[in-house]
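Q: Whenever a hint applies, use it, and build me the whole structure from the sequences.
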Amino acid sequence: MTVDEKKRAVREHVWALLEEHRAAPAGVHGRIPAFFGADEAADRLAELPEWQSATIVKAVPDTAQQPVRARALDEGKLVYMAVPKLAEPKPFYLLYPDTLPVSPAEAADKGAAAKVGQAVDVDSMRPVDIIVCGSVAVNRRGVRLGKGAGYSDIEVALLQEAGLIGPETTIVTTVHDLQVTDDDLPETRHDFSVDIIVTPTTVIRCDEPRRPSGLLWDDLPAEKIAAIPALAARLRQQSNA
80 MTVDEKKRAV
90 REHVWALLEE
100 HRAAPAGVHG
110 RIPAFFGADE
120 AADRLAELPE
130 WQSATIVKAV
140 PDTAQQPVRA
150 RALDEGKLVY
160 MAVPKLAEPK
170 PFYLLYPDTL
180 PVSPAEAADK
190 GAAAKVGQAV
200 DVDSMRPVDI
210 IVCGSVAVNR
220 RGVRLGKGAG
230 YSDIEVALLQ
240 EAGLIGPETT
250 IVTTVHDLQV
260 TDDDLPETRH
270 DFSVDIIVTP
280 TTVIRCDEPR
290 RPSGLLWDDL
300 PAEKIAAIPA
310 LAARLRQQSN
320 A
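In our numbering, the protein residues as written are 80 to 320.
Just so you know, the hints here were simulated from the structure itself, not pulled from any lab data.
Pairs of lysine-lysine, DSS-like flavour, derived with a Cα cap of 25 Å:
no. : residue 1 : residue 2
1   : LYS156    : LYS189
2   : LYS303    : LYS189
3   : LYS303    : LYS164
4   : LYS303    : LYS85
A: Next comes the structure, spelled out in structure tokens:
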């Protein structure tokens, strides 16, 4: 079984488990699970010193992490939210908590963020204190699996290359307890690991975080590069250098 096949098997198991236990809405397959208890996980994350000291948060646009984005804005933190599928030339939305024309809860919605946020490229971003990502599965060492599209890996690699994150940056995932496994999970060289796992009931701190140094172009299919304008632009810059 290849690494991709092993990852797919783990994802299918977790999606089925969540549906079996009604821990997420039906139709969770193929998605970052919008698990029940996401609000409680956001509350638990907000109790951590890493969160309380952070002033700049980078978050994924998934529904499961919407309570985290709302909490960050409500607490006056600046939020960078990834554009869904990184589909725009400027792949992040900048949300200033002090100038939002809507409530933090509304601005945290990915549809509203596209309207009230400012689209930015990494070149104009400020260093990030904490990254919040979604996962389908994660183990206690911090190895995570997303839904398989690779967007979170690319987002982290872009920030890494731009010098916006480093060893002091905390990477957190919020998940349901059923998404946490004691088993080993398959990894590839472009995967990053998380420092902290937060569920509705507990906090798990992981050892020896894994951080790729940046974009691994040989691992990116041509169609993926073509579909993400920020990648296509960087590849053109490299070709013209």
